[in-house]
Structures are given as C-alpha cells and as structure tokens.
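Residue numbers (the working numbering), protein chains in the order written: chain A, 14 to 232; chain B, 121 to 604; chain C, 3 to 561; chain D, 408 to 729.
In short, the hints are calculated from the structure, not lab data.
Keep in mind it's a predicted model, so treat the numbers as computed, not measured.
Careful: at least some of the hints might be erroneous.
Said to hold, decoys possible - One-sided and incomplete, this derived list gives chain A residues near chain B with beta-carbon spacing under 7 Å: (1) L85; (2) A89; (3) I93; (4) V126; (5) I130; (6) F169; (7) T172; (8) A179; (9) A180; (10) P184.
What the hints assert, rightly or not - Covered, in the sense of this in silico footprint (three residues per stretch, anywhere, with C-beta under 8 Å from a C-beta of chain A), are these stretches of chain B: (11) 317-324; (12) 457-465.
Positions of the beta carbon are idealized from the N, C-alpha and C atoms, including for glycine.
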Amino acid sequence: MTLTYPLAHALGAVMLLCAFAMLSQRRLAALISLYQIEAITLTAAAFWQGFAQHEINLYLTGLITLIIKAVLAPIALRRIVHHFNLIRAVETAMPVGLSMILGVALIGIAVLVVLPITVNAVTLTREDLAISLSIVLLGLLVMTTRRNALSQVIGFLSTENGLVLAAIGMPGMPFVAELSVALLVLVAFLVVGVFVFRIREHFDTLDLKGIEAIERRGR
Amino acid sequence: MSAATLAIAIPLLAAPVIALIGAPLTGARANLCVTVLVFLITLAVFASPGAGLIHADSLGVIFGILTGFIALTTAVQNIAFVRAEQSHGSARRWRVYHAMCQIMLGTTLMGLYADNIGLLWVAVEGATIAATLGVSLPRTATALEAAWKYFVLGGVGIALALFGTMLTYLAAQPALGPGLTAMSLSALAANAGHLDGALMTLAFVFLLFGYGTKAALVPLHGWLPDAYAEGPAPLTTTLSGPMLNVALIAILRFRHLMQANFAAGGAALQPGPFLLTLGLASLLLTGLSLARRRDARRFFGFSSIEHSGLAVFAFGIGGATAIFAGLLHMILHTLIKSALFQALIRGAALRGGGAPGNYGFSHLRGMLATNKYLGWALGACVFALVGLPPSGLFVTEFLIVSQTIQRAPLLSLPLGLGLLLCAVAIIRNIGPLVFDPPPAGTVAIPAGRGVGLVVLHLAAVLLLAFAMPPALVLALSGIAAGLQ
Amino acid sequence: MVACRVVESLTLALGLPGQGMHLGLDPLTFLFLLILAPQITAAAIAGEARSPTFWAFVLGMVTALLAADAFTLIFGFELMSAASWLLVLRGDRRPATLYVAIALFSGACLVPAVFLPPGGLAFILILLGAGAKAGLAPIHAWLPRAHPAPAAAISAIMSGGMVKVALYVIIRYAFIVLGGSAQPWWGMVLVLAGAASVLIGALRAMLEVELKTLLACSTVEHVGLIAIGLGIALRAKAAGDPALAELALQAALLCAVAHGLFKPLLFLGAGAVKHATGTTSLDWLGGLLRGMPRLGGLMLVGAAGMAALPLGPGFAPEFLLLHTVIAAAATGGIVARIGFAALLAILGLAAALALGAAIRLIGIGFLGRPRTLRAAAAEEADRPTLTAMTLLAVCAIPVALLPGLLLLLIQPVIAQLVPGAAPLRLGYAPLPLALLMAAAAAAAMLALRRFGARGERQVPAWNGGFGRPPVWLPFGDPKTQPGGTGFAEPVWRALGIPILRHAGADPGELYLFTPIARLHFRLTRLAERIRRATIRQRLAFVFAALVLFLLALGLGQNG
Amino acid sequence: MAALDLLLRLLATILHAALVFALAPLVLGLVATLRARLLGRRGPPPLQPYLTLVKLIRKTTLVPDNATEFYPVWPYLAFAPIAAAALLVPGFCAGLLTAGLSDIITIIGLLALSRAAIILAGLETGFGFGGAGAARDILFGIFAEAALLVTVLTFVLIAHSPTVDGIAAAFRDNHIGIQVSLGFALAATFMVALTETGRIPVDNPAGHLELAMVHEAMLLEYSGKNLALFEATAMLRLTVWMSLIATIFCPFGIGRAVDILSWPAGLALWLIKLAALSSGLAVFELSSAKMRIFRVPEFLGVAILLGLLSAVFLFLAQRIGS
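If we strip away everything but chain A, and leave its shape as in the complex, we get (with noise of 0.2 Å):
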C-alpha cells in the first residue's frame, strides 16, 4: 500500500502540468495534444485508483475515459480543425505571462482553500483534492482567456478531467457520479459539434467575433 499514495500524486501532478502549459500555448493543435496527455495521465490514475481501492468500477470508469476522452474527443477535434483549416495560432484575450501568473495565484489560492481540511480520508490526501481543485480553477481560466470557441471548448473538458480526477480519488463514491461525467462529456461533445457546424454556416469562422458583434449590437 505504500505505494498508492506517491503514484496517485505523481499522476496528478503531470496533469496539472498539462493543465498549467495549457495556459500558454498558441496553436490549436498543441491545446488539443496536451489535452490527449491529460486524459492518458487520467486513465491511468484511474486505473491505479481502481487496482489501490480494488473497486470495478474505477476500471469502468478509466476504460470510459480512454475511450471518449483520450481517443475520440481529440479526434474529432482535429478533424474539426483540419475541417476549418484552423492550423494559424490562437490569439489569446490576455497576454501569456499574465494568465501564467495568474495560473500560480489560482494554485495558491487552492492550497490555502484546502489546508485548514482535516479529514483524513483512506485515499485522498489533502494534496490531492489540492490538485484536482487546481486544474478545475485552471481549467475556467483557459475558458475565459481564449477568444475561439474551439480552445474554450478544450477548456471546459481539462476542467472535467479535474473533476473525474476528484471523483476517482473519492473512496466508495457510488458509480453515479462516473457515469453521469461520462455522459456529460460525450453529450456536450455531441452539442458542441452541432454548434460548431451551425456556426460554421452563419459566420464562416469559428472565432467568437460574429458572435461577440452581435452581442454588441445590443437588444
């Protein structure tokens, strides 16, 4: 058992570090692989939760996330962005050294939320539920820091893998909360890929300024 606890941080680690670079890449294909590394790194703690808590379940659960979110989710977004011929950069709303800075001031605010935690749970330490708060708070960051839909959208699935990464580390938590993450992933995935063809007719570009013009223009 002595190993369950380092492994587990370990893995979490890399993927609040995917998370963190998250914040400072350009490309949309970039975003979109460290993203894949992300979810890779979610299935195996997934998996490890699952052999460390010997619940079938967290199996489930990492078999699930492989699937969807480490296989399917970055093809479709590459086909999406190959679709659109979305290879130039993202143009970022702010600039890069600040969102780092603000990265760390997020990462310092989730230790000093959990430090005054004294619950010492079977399998999650308080590092632990530090570091999925961590890629959840860094997760929104990317969302309200990008100006393309697409790189908002990728935002918004680092921020599940936050929350699958909680949820696997909770002890006997029943298999609801899985599967309905799960779902959200594959359902969201399923509106945003409407949307994104919905917008491709209207505006001809995925960037929000057609939406952003509209909103402007005030009602």
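Given chain A, put chains B, C and D in place with the hints provided.
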C-alpha cells in the same frame, strides 16, 4: 414504484414517444394529455412520497404540485401557441420542441423529489441541456448565440455544482461513511452537525455557484435574459420558471447543512454573507438593467433574476419567518411570472404570430385595444410583479423587509433601494403596454379562453398571499422552522 | 363624537398568513374619517361612483385610517397609492411614473420605520415616508405635477383626502406610537419642513397659470401649515408645555378639516371649468361668471377658504396658527425664538401670497372679460358637479361661522394626543363680527338709498378713455387685459426669480429630482455596458466572483 | 353694578362709533389742508372730503355693461370690514363692548378682507388699469402683511394679551416705559401703515397719473354711490390706522368705559393724538417723493427687518430681564 418516481418516469419516457408524432398539433395534444396525467400524479405524491433515491419531502411535494399546475396551464396554452406557430419551422423542430417540454418537466420533478444530491445534479444537468436545445430551435443567429452562451455558462455552472456535490460527499465521510447514505439529503440534514465543517464550506461555495448559475443570480445570470428572449416562448420562459425554484431549493437545503453545522459548533462558516452578497447584487444590477430593455421577454427575464435574488436574500437573512417569506415569494412569483408570459404569448399571437421581433414593447403596446380582457389581465400581471398592495408579493416583501430590519438593519438600505429601482422600472411599462394607442392597423380580436387561465393564476396568488388556508400555513412554517 | 369613545378592534381573516389584519377606531381615526366623508360623497355624486378603481382608492384610505397594526396601515397606505396611481395613469401618463416612484419610496421608508425601536431614526423615516406622500418639502415637487393629472373629482380626493391620510400617519406615530420617546428636535424638523413647504407652495400657487396646478401648489402650502402646527405641538409636548401643544394641535387639526372641504370644492370647480371651456389655463379663461354664475359663487366660497379671509372657512385655522407661533416665540432658547419670529414673517408672506392666488383665481378666471370664444360660450356646470360642490360649501359653513363648536368636537382627539390639556377658548368669534359688518353695511345702504340719487345707467366701461374695441376682437384686445401671467409678473420679479431661479423650476425639482434622475441615467448606462458583455467577459465575471469567494473563504477560515 | 357698567360701555361704544364715522373725513381733509398750507398754498378747506362724499352720493351711478352681478357687492364688501375694524380699535376709552373681539389678528384679517374686495373690484371689469393696480396692490400686500405680523409679535408678547384693547390697557397701566424693541416696532408699523393707506412713498393719493397709481386705478370703473362708499372706506382706513398707532404706541390718558369721568380727558387726548399724527403725516409726505413700484418691496423689506430686530431685542431684554 412510488407516485414520485412515477411522476418523474412518465414525462421522461413520454418524451421519445412524443418525438415520433409527426403533426405539431397532435404532438401538442399528446403533450397536454401527458401533462394532465403528471399533474394528477403530483397531487398523489402527497400520499406516497417514495423511499431511497426518490423521496419527496413536504417542500418537494408543495413545489411539485406547483410545477405540475404550471406545466398543465402551459400545455393548455401551448395548443393555441402551436396552432398559431405551426407554419414557422419544420415538423422535425416541433417534435424536438414537444420532447424537450416533457424532458424539462421530468427533470424539474426529479430535481424536486430527488433525495440524492447526485440525482439532483443529474436532474439540473438534464434540464440545462433540454433548455439549451430548446433555445437553439429557431435557428436564427441570435437564437444560436443565446444557446451557445447558455451552454458555456450553464456547462461551467454544472461542472462547479458537480465538484461541490463530490466535496459534500467527502465532507459526509466522517459522519456517514462511504456509500449511498452519504449522498442522501435527508441523512445529511439529520446529522449536519458531524460533517467536516471546513470541507462543507468549500463545497457550499461551489454548490452556491453551480446552482446559483441555474437560479440566475448575478454575476452568474448572463445566460437567462438571452435564453428567455429566444426560442419557443412556452418552453424557454414558462416551463423554465419552476426550474429556477429547483435551484433555489437546492441552495436552501445546502444552506441548512451549513447553518446546522455552524450552530452545532462545527468549523463551517455562516452561510448568510455569501447569500446576502449574491442576493443584493442581483437586486441592484437588475434594478439598473431593467431601465433600458425594449424586448418584453428579456425584460421579464431580468425581473426573474431580481426575484431569485430577493428569495436568496431572504434565505441569507435566515430565521423561520424570513425563510417562510422566501418560499412563499418563490411560489407567488412563479405563478405570476408564468401567468404573465402566457398573457404575453397570447398577446403576441393576437398581434401576428410569435416571430422573433414580436415581443418588443413597441410591438405589443396598447393591448387594451386588441382585446379588453387580455389587456387588463396583462396589466394586472405586470402590476402583480411590483409588490404594491393588491398584488400578493406585497406580503412577502413586507415580511422580508421587516425581518431584515430586525436581523441586519444596515442591509435594509440596499434592499430598499434595489426593490424601489426594480418596482419603478417594471411599473413604468404598464402604461405603454396596456393603455397606449396600439400600432397602426391593429383590430380588436376575441382572445378565447386563454385569458381565463391567466386570471386563475392571479386568483391563486391573491388567495395564497392574503387568505392562505391554515393547513398550508402550518406546512410552510413547519418547513421553514426545519430549514432554519 | 361620544360614539368613538370606546376603542373597538376587529380582526379580519385576510392579511399576513396566520396573523390576519386588525382594525380599530379611536377619536383620531374618527376625526379623519369625518374629514374624508364629505369629500368622498361629493366625488361619488360628481360622477366617480361607477369606477371600481375609485372605490379601491377609498377602501385603501379607510383601511389605512382604521388600521390598528402596522401591516394593515401600510397595506391600506399602499393600496391607496396603487389605486390613485392607476387613476393618474388613466388621466395623463407623463407624471404617473414619478408619482408611483414617490409612492414606492414612501412605502420603502414606512415598512422599516414601523419595525425600528422607538427613537429618532424611526421618526425620521416615518417623516420621510409619510411626508413624501403628503407633499411636505423637500419631497413636494411631484405633487403639482401629479395631482392635476386625473379627473377633477379624483384630484379633489387626492388633495383633500389622501394628503390628510399621510398626515394622519405622521400624527399617529409622532404622538401615539413613538410618543413616549419624543424629543423637542423632532418638532423643529417638522416645523422646518412645514415652513419650506408653506413658502414654496404659496409662491408657486401665486405664479402657476394652470388652474389645477395652482390648487395643487396651494395644497403643498396647507400641508406646510398643518406640519408647522404639528411640529410646534410635538416640540411643546416633548418640552412639557401641554397648553401650547393643545393650541398648536387645534390649529393643525382645524386646518386639516377646513382644507379638506374647500380644496375639493375648488378642484371640482376647476374640473367643471375644464369641461365647459376645454382648458384650465388662466390666460385662456375670463368672464366665466357670466356663463356660469352658480359655479362662480361656489368658487368664491372656496377661494375665500384658500385665502384665509375672515368669515371664510380658512380664517380660524390661520388665526390659531399665528397665535400658536406667537406663543411658541415666547418659549425656548434665543435661537428658537428668533426662528419663530422669522417663521411668523414667512407665514405672513405666505398668507398674502395665498390671498393673491385666490384673488387671481377669481379675478382673472371668473370676473373681467372672456379672453377666448370658448370662455365666452361657457355654459353652467352640470347638475351633479354643482350638487357635489354645494354639499361641500354647506359643510364649510359651520367651519367658517362656528369654529368654537368644531373645536369642542376636536377636543377628545387632542385629549388623546396630549393628555392633561385643559380646553382653551377661541379668541375669534365670527358671528358677532358678521353682525357688526352686516350692521355697518345696512347702515351704509340705508344712508345711500335715503340721500343718494335714484337709478343707474348702463354705459360702456370708461377704461381710461380707450375707444370701443374693433369688431374682430368682440371682447377687446386681450393685450390690454390683465392676464394670468401678467397679474403674477410683479410677484415673479420680486420673489419668483430669487427663490425659483430664472427657469421657474421648483427648488425641490432643481436640487433633488433632477440630480437623482441624472445619477440614475449614468448608472443605467454603466449597467448597460455590463449587460452588453461578450460570453468570454461573462465567464470572466463568474470566474472572478468564484476566486473572490474562495479567497474570502480561505482568509475566513485561516484568519 | 354690572348693569350700570354694561349701560356705560354701550353708551361709550355708540359714542365711539359716531365719533369715528364723523371724524374720518375730517382727518383726511386735515392732512390735505396741512400739506397745502406747508407748501404755501391755500389748499382745500378741511371739510372738503364731506363735500366730495355728498357730491358723489347725488350723482347717478354709471354701471359698465360687461359688469357681473357682483359689481355692486364689492363696495359694501370693502366698506363693512373697515367699519367693523373701526369699531374694534379703541379710540378715546378702552373696554368697549367690542373689546372681546378686537384680537390683533382679526383686525389684520379684516384689513386684508377689505383690500381683497377692492382688488376684486379692480378686476371686475377686466380692463388694463384695474388689473395693473390690482397686481401692484397684491405685491405690496405680500411684504406689508409679513412686516405687520412680525411687529405684532413684539407688542403681543410685551403686553401678554392678543387683543388691541388688552394691549392698550396693559401699556397704559403697568407703565411699560420706553423700550428699544417698541421703537423699532413703531417704525415698522408706520411704514406698513403708509403702504396700506396708500400714502406718498408708496402711492400718490392725490395724483391721477395712470402709470403710477395703485389704489385709484382699481376704482376707475366706479361712480356715484359705489365710488362714495369706496372713498368713505379709504377715509375710515386712514383713521383706523391712526387710532391703532395712537392706541398701541402712546396709550397714556385713554379712559375706561366703565368710569365716565375719564371719558372727557380720553376724548381730548384722542383728538390731539389724531391731529398730531395727521400733521406728522403731512410733514413726512412733503419731505419724501413717491418711489418706483419695484423699490417698494425693498422699502417693506426694511420694515420686515425692523420688525425682526424689534423681536430680537425683545427676546434679549426678556432674557436679561427674566
């Protein structure tokens, strides 16, 4: 198979079946039949509330009946709406629309009756996705933009709510141990004192943001005005009213966990300040945003944000009377708002169908000239929102302000300012909406029995506010004392 | 009045869930119901009986008066505001929003006030809430805009009755509910507000051209007079001087009774003039007495009340108030005494301005030559209006000729408000005065008939040698006639410009309503910028709020 | 004894009434004659006002064709209050039958009622001059009434009695002596009296220049009996103001109605006071010229300030005294 589970299952199962019906009108009639059945079952839920995952407590029963009633009257109005609108949009679109109506009803009832915080979260998520699809139905650029905004903001809110749910489960470990019991609301409420206070506070913040987004509290309200203004009106405005109540009740329940934990000396912080901040922000920002709206549905969407803010403020103040006032306020506001939107839909239908631009104030002005009864009913509904005496909201606002004075005197200043701003901005529109000369070429048209339902709603509001039956008074004060 | 000795209390099933509404009757309520009764019957006779909103308005006022608990009082108060708002809205839409904003503001002040512990803050809030509704300075500028809007009978009730209900709330709380903890400075605040209302109301009444706006401004002045009476009474009661308090209360309550009679009379008259000539602007009227003799006579009675001339209904309250201020000037510190002396000067100014306004109303409006064809062709007012006005005039006679008797009727109310006050004898006896004047007039008439020359000759008026007016101006060149604006021009130059600035805007509007409106505009523009934020910016709002809350949480727990 | 007192007071009142109505035209005539004599002119005989009244009564009354039915009412409504006021203000002896009624505020009200009647008479026919005169009279009235009320405060507080009768008795009996506040009050009352009676600095009673006239402008449309009444009202008003000032500010020697022996002395002193005031008025009128219309508000503003000053000094004296 308890009545509560039945009430949830029927609409969810009926949704795919109705989606198969080709003709929009038959779809609307089927939708009405299912809704009537569901309403009768919600009345029966009082007898068999069910156990385990689906267990309706008295709060759930009352709001379940309210949701059933609203869905019923909306379904009745829906037939006239569909008859006027079926020329726009493809048949496929109407099938999706009626399916979404049923899913919205089913998920709302699940949100009310669920005893499991995970199931509650799934219900709220399902309702968000159904509403998002509903908003995107008209396929116009503005509808798409509103739907995208709804999805992004709603998705983020849902994610935060899930994280909060997981943290609540984790905080329940020391008291309830692993497994399903740690996620049961009644179990959590029973031994709230033994939860891990610090973790529960963190969970509460995420839950407040998650369900706050669904309840459209400022600054999480971004999606509501545009969602209300786009999409087929009965789905996006009338049916989504009860959904706000589900989120507000969730916030109330989690607030109780925090308050009980704090009272029992746990490490949890007082939930009051969080709720008061969001409530006041909602009141003041909507008060200012209402002043310049030109579209009726967006205008009354903002008014819904104001009333959610007022309810959350009442919960933030705390104490049995304030919570009683908050709950009564939610009931009365839902009745008034749905009556108002139904009247607007009838008005727009009489003024040449529900095309997107049809809900503008300048287009709907002078309703009295089109139909006398509808004009007065519309005026009465808008007036009821304001809180001047003949309207029921006067009672609840009176109670909330009196409790604020006694418990947090300094907060009565921003509260009074917010209420004043909103009331003036709303009442300003009655003049043009009802009494102004109508646009050129409008001719008087009999409105049919739609107006009767609107008047029924207003009568229910007056009865509940001024002459509430003693049984309901006991039930509601029991709930309020329980959730103190 | 004996009937109201016993304090009945009645609980209705309606009201707050589980608590119901409580009604009660005591001398103060009975007096104010007595003030409302003639007006409401007159308005009903004048043709308002059929409109349900009117009866809701009356129900609101009566509930507010009969209320024995805070919820019922504010319920009645706001119901009265709501019903009158709808009537204003149906009359003229422009002032309706300002009117309802003031009504909501007064509600927003009263609800907290009734729940605060008895003390200065509660009184100030009551004063703000009820004072705003009564048209007490500084929140008075809305009254001349809103009261002329609805039909004449409704503005009669609004000016005559609704203002009194608002003052009733001030009396109920200042003397009874918060009576125990009353401070002398409460009275001074009321007196200051009253003095400002009197000055601005009287001045604007003299300068306004529209008849109904003129009457509304005169209402502001009379509210000021009543407030001064109440203020001095409150200060005297707090300082332990029941005699002065009683004299002041007699002045205030008698002024309320008198104003409640002649103001509705004038408003009904103004409505009849508008119906007959299609306008209420003094510059377009003139010579109405020829076409509408009975209306002219009744308006003369009302104008006598408004001008507070002896033998008129308005003189007894003015008489008592002046004596109250003189007596008050003999008490208190040196600054208070000088203040009361200055107040006496203001009251003198206002009395003369009111006299001027009344004379202008009758002289320009009814006497002289018609300035327009419609004024020349005006027929007598219709029967219901005349009957209603006659009813009010008949009720005004006892107030004019038997004020002593009326003060006896008011005595129980004063005993309730200021316990331990010995009844005072009134120094003004109109009947012997009337006899004296009648004797003098009869003597003069006899002498002139005995020695004077018989017969009179109808001749064209001399008019300082002007020739006969040209054919196309049958009523003479309007330029050579004194008009409404022309008549007030000297007062405008002497007093209007220094106080009302050149734009003629009411100080209450210039320094209170306009700045608030400008601030509201700027705030809504800011809110508009927030509403027009893009999706990303809205996400940023959510994210920033979440981070802030987490920070607060972290500091809260670790701090 | 009470019956005897009542009889004596009734006798005194009747005597007072007769004297006031008889002397009024004489006072006006005296002022006019003195003015002329001081200018070195022979001037009209003192009895000229009587002759004017008789002349007017004998003339036929001309009524303008567009006059309303209130046209003949205004003269009586103007005359009656002044006559009542004349009966209220004590002349040669205090304690008349009408003493109870003679409240200072009632007297101010009666004067205002008479002024209102004259103004309405001016507006009656709706011609330019009447309107202009009325507007000016209203303007003067506003400031005059404010000044009057402030001065009233002073002597009501000193004498501790609201009625003129009481004030006269108090000033006569407990020898108030010369007080600074009473000095200011006298000046203010004098200025108000000049405005109310329409004497030189405010309005030229003798002049007929339409642009400048105030009181006369309102009576242009009246003739015969009606004009006679208005003239009588003007004369009575002058006498009322003079006896008001005499009674309040130099009350020494006023008799008591019940004590018949004091009547002759009171009567003599009253006549002397009236003559002194008339000559004072004549001298003052010669020494000053008529002001522009819009200078009068400042003139009366000074009167208001004087009234306030008298009140301030009164409070100071009371504070030091009590």
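Review point. Quick check: which numbered hints come out false for this structure?
Key: 1, 2, 3 and 12
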